[in-house]
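K.L.:
With the hints as your guide, set chains B and C onto chain A.
Chains as they are written, first to last, in the working numbering: chain A, 1 to 106; chain B, 1 to 627; chain C, 1 to 480.
A hint or two may mislead.
Unchecked claim - Calculated pairs, EDC-like style, for lysine to aspartate or glutamate (alpha carbon to alpha carbon, straight line, at most 20 Å):
1. K562/B - D163/B
2. K70/B - D290/C
3. K572/B - E199/C
4. K25/B - D435/C
5. K459/C - D64/B
6. K155/C - E576/B
7. K287/C - E485/B
8. K572/B - D435/C
No lab work stands behind these hints: they were computed from the structure.
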Amino acid sequence: MENILQQIGIENYIYLSTLLFCVGAFGVLYRRNAIVMFMSIEIMLNAVNLLLVAFSTYHQDAAGQVFVFFSMAVAAAEVAVGLAILVAIYRNLNNIDIDSLKKLKG
Amino acid sequence: MDTKLALLLLFAPFIGFLINVFTGKKLSGNLSGIIGTAAVAVSFAVTLSFFLQVSSTKEAVMVDLFQWMKLANFDVHFAFQLDQLSLLWLMFVTGIGTLIHVYSISYMHDDENIHKFFAYLNLFVFFMITLVMGNNLLIMFIGWEGVGLCSYLLIGFWYKNQDYNDAAKKAFIMNRIGDLGFLIGIFIIGYLFHSLDYTDIRTVIETGSHHIDPTWLSIAALCLFIGACGKSAQIPLYTWLPDAMAGPTPVSALIHAATMVTAGIFMITRLNYVFDLAPEVQNIIAIVGAVTSLIAASIGLVQNDIKKVLAYSTVSQLGLMFLALGLGAYEIAVFHVITHAFFKACLFLGSGSVIHAMHGEQDMRYMGGLRKVMKVTFITFLISTLAISGLPPFAGFFSKDEILMTAFHHNKPLWVIGSVASIMTAFYMFRLLYLTFYKDFRGTEEQKKHLHESPGLITFPLIVLAILAAVGGAISLPGNSWLNEYLAPVITRHAEHHHMGTTEYMLMAVAIVGALIGIGLAYAKYIKQSAVPAQDSEITGFAKVLYNKFYVDEIYTALIVKPIYALGSFFKNVTEVAISGFIFGLGKLANVLGAEGKTLQNGSIGFYLFAFVLGICSIIVYIFLAK
Amino acid sequence: MDVLIILITLLIGAAATYFAGDKLASKVATFFSLAAFGLTLYISYLQSNGVEVGFTRPWIRVPNIQLSFLADGLSLTMVLLTTALAPIIILSTFKKVQNKAKSFYGLIMLMVFAMAGTFLSGDGLLYYIFWELSLIPIYFIALIWGGGEAEARKKDVVKFFIYTFAGSLFMLVAFVYLYQKTGSFLNYHFLRLHLNGTEQFWIFFAFFIAYAIKIPIIPFHTWQANVYQKAPTAGTMLLSGIMLKMAIYSIIRWQLPIAPAPAKEYMYPLIALCIAGVIYGSILALKQQDLKKLLAYSSLAHVGLIAAGVYTLTIDGLRGAVLQMVAHGFVVVGLFYAAEIIQRRYNTTEISEMGGIRVQTPRFTSMFMILVLASVALPSTFNFVGEFEVLYSLAQTNIWFAVLGGTTIILGAFYMLRMFQQVMLGEQNTKVFADVTFGEGFVFVLIIGVLLFFGLYPKPIVNFVSPVLENIILHINTSN
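So that you can see chain A by itself, here it is in the shape it has in the complex (with noise of 0.2 Å):
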């Protein structure tokens, strides 16, 4: 089979995964909702599984891959257990704006 880093060159995939993972990082900074900041952390995630998935192609090693299985899994177990968290917070306070959670400061 044709390896599409011929195609396409490992450092494309690595400027793409540099791009998708600030814009999750400027939208966690920057937004407030907490599932829209939750979807960066998502963007992130998937920039990172992007670029070991590409490099796991480049050094001819499926190690990488499985891993990639692995943090989905926990991507959407973490999903799961945050989303309750984020239900339970709204129950609470009517909103998800992350600036109304302050009880915890020093």
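P.N.:
Relative to chain A, chains B and C alone:
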């Protein structure tokens, strides 16, 4: 055999002490007195036998018990030596000690704590024997501090009176100042000679087996002399002795006149070969001795307390002894120690007899006329007064005359000072005699009714001591001195033998005339004019300065005691608070840091995330930059 | 048989005391402490006859900590002091009703266990564990059974705890550094290490902070007087009699051999600091109105002199310091006991409320007097032997050190006799003061007996410790 006897000599008083301490309460007063006296008498008997033995064999008896201390350079043993010098000292320590114990049986009869009194007295004799018998400086130091302790206990014997306790404390502390000097001297001696044994030190000096730095040796001698100053009440450490008269009179006689205060002279005589190598220190000793003798005598001129006069007279006489020591005339100093022990003990006991008759009154202004009722006391007192004033043929004449004669040959100014002090001595002693025993009684009627001669137990020691004060001079007559020959083995450089020529007879005559002048002045004032010393408030001018002892106590208080207390207050209120505050400050700093730090944790998740990202970024930057 | 049995006895004793219940606690504690003392004597006897009673066994592989117990003359002397004082301290609390007695005596036993362990440990981390362990019982003893106002007491005790604990952390850092170098915490391995000057300096400094606070050397002493005053007397006795000796022992055992170069280089400032403490403590003692505080400051002065002796790095100084440690341990326990007896009867430690006690109490007066005299180092008491050797070593270093350090002779007599006069002498006190009971007198007699016996015959202890100290001096002098 010798060992056992020597230990008996040493421990007999200690056993007496133990008996009186542990069973004293159950014993009657007389019985504890008898036990105490017997204990010292045993020591005296053993001393006598040793004395005879050593006088004939001329071999010192050495006793080595066991090792006490171990230092890098030398070992210190519990070891004793009975040679000519120590036996001579033991003779009068135990001899006069026995007499004073006898005296105390009667004198302290009514005191509820009589068993303690005898216990302390015995303990004192025990430590005094230790001091004298030791064969090295540290054993001497045990005795040295031990007698200081007993002196403390006995001065403060009537402990309910805080003034007496102050006097006791003062005596102990001033002695300790001297003791520190002594201790430093011991350190230097140990460092220089690698031993503290007298015989070793002497061997090193005589054979020159290793080099001794003369500067350090002089410093050592000076330090030892400071020790002697403390114990023997010389300038500047003499002020405790007059205060020490707070103790019962037998104590003053035994400790503060006859024995303990001569320990300084004993120490210097013991180490005469060390002091001979330090002529500068000898000069200091001579000057300090002469000046002390003059100052104490001048203070004695105006005192009204019978015991205070005797106390200053003791300081003055000790000064004369140090003058002799400083001039290298050790035998003569020893001679004066012995005669002084006789007549001063007699004087103190006599004054005790007077105080006893007067029911505790010590002020001479309220005495007088006692000659008629207290014949024995008067006669013995008179003999001793003549002896201390230096009239022939009494003991004091010979010893004092020899000191002055030596001073004349070495250092004329010191001779003048010594002679003036002697004239003053004659004056104040006869002043005391006239005020106490002559003219009419000046006390209350109540006291007059009870005036009585003291019982036999009190007068017997007086008589013995008076006889000794009268004939004691015989042990060292000019030109034919038994004492000098006897002491020859322990003293390396002998006082030069004065040929009895015209000068010497002239000097004798001058001394006698001087004494007579002093007596004449006293006679003119107190018998002819019937003067009675003024009340305290009426004293003016220089007499007031003298009466207040040149304000030395006040000066010491202002210069030493007060600043120490002030420093204490400063430490307590300033430095302690400051250090403590600094430490608490560190604790507070942690608190402040925490308070500041907690504002970082503001609960805003956005802020946390921002800090988190910033942190990660800076780590990445750091890693790339570091590469 | 080896030294472990002493520690085991003490540890079992601590547990047994606790489980014996309030009524029996004091008796069980006495029994076990006496047993420990007997065992220590027996083991010291074995050791002096050449039997090897210490050992080193593996304990924890990573990090490499070994169960190592040094049992030479020096450490056994200190353990003897500890186990001899323990029953005396426990006896001294008899007759006084304690609440929560089982915890009180259990903590005392635990503390004795920890202190004995400190003296015996040959492994740095083991030593550190014991060192810190000893702090915990005294913290509770002072906090729970102490006197004075609760808030003030808490403040002082917590200050003491944090202060000494913080100091000890520096020591831990030093140990960790040494471990990095050798891969082991054994004292024996540390001694073979060749450290350069800077390393030695920092290690010396770290140890110094820990020990200077514990001893205490000025200016690290501010915790002392208040804690001594507020802790129950048994706690004060443990602190002043034994615990501060741990620090001086540690200087001899750990600080000087591991880092000898700074000790030589900074000998003069160190000695000067210690002697400044002597004078400072003495003068402050003069100004105290509280009996226990006065004794605390006098202890500060005496301990300063001991530390000065150690830092002279001479055999006389070290030997004198060890002798003085033992002597001071006994005398200070005796003096605090006297203070306790007065406090039991008059319910105060204010000197101004005392006075005129002597009239009513001939026996107590005599015993107190002897202790006062021992504390001012009258010759023929044990304290004199130690003080003489220390001062002699100071004189060899520099004569002025001996003169200044020797002022303790004068100032000591000054404040002790002044205190004695104000407390005991004078007109009869209106408040009744019962003379000592048999039990109380017995404690005094034990202490006085020890002080006088070794004052006249210190040879057994001297022979026991001298070889060890000579080795240490040799090690210091040969290492560069």
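K.L.:
Now tell me, hint by hint, if it's right for this structure.
P.N.:
Outcome of the hint check:
Proximity of K562/B to D163/B is assessed by CA-CA distance (about 19 Å); at most 20 Å being required, the pair is judged to hold. A C-alpha spacing of about 38 Å is found between K70/B and D290/C, which places the hinted pair above 20 Å, so the restraint is violated. A threshold of 20 Å between alpha carbons decides the hint, and for K572/B with E199/C the separation of about 38 Å lies outside it, so the pair is violated. Among the hinted pairs, K25/B with D435/C is consistent with the structure: their alpha-carbon atoms are about 15 Å apart, no more than 20 Å.
For a cut-off of 20 Å, the pair hint linking K459/C to D64/B stands: about 16 Å separates their Cα positions. Restraint check for K155/C and E576/B: the C-alpha separation of about 17 Å stays at or below 20 Å, so the hint holds. Restraint check: the Cα-Cα separation between K287/C and E485/B comes to about 56 Å, which exceeds 20 Å; the hinted pair is violated. Restraint check: the Cα-Cα separation between K572/B and D435/C comes to about 34 Å, which exceeds 20 Å; the hinted pair is violated.
Consistency note: the structure conflicts with the earlier hints numbered 2, 3, 7 and 8.
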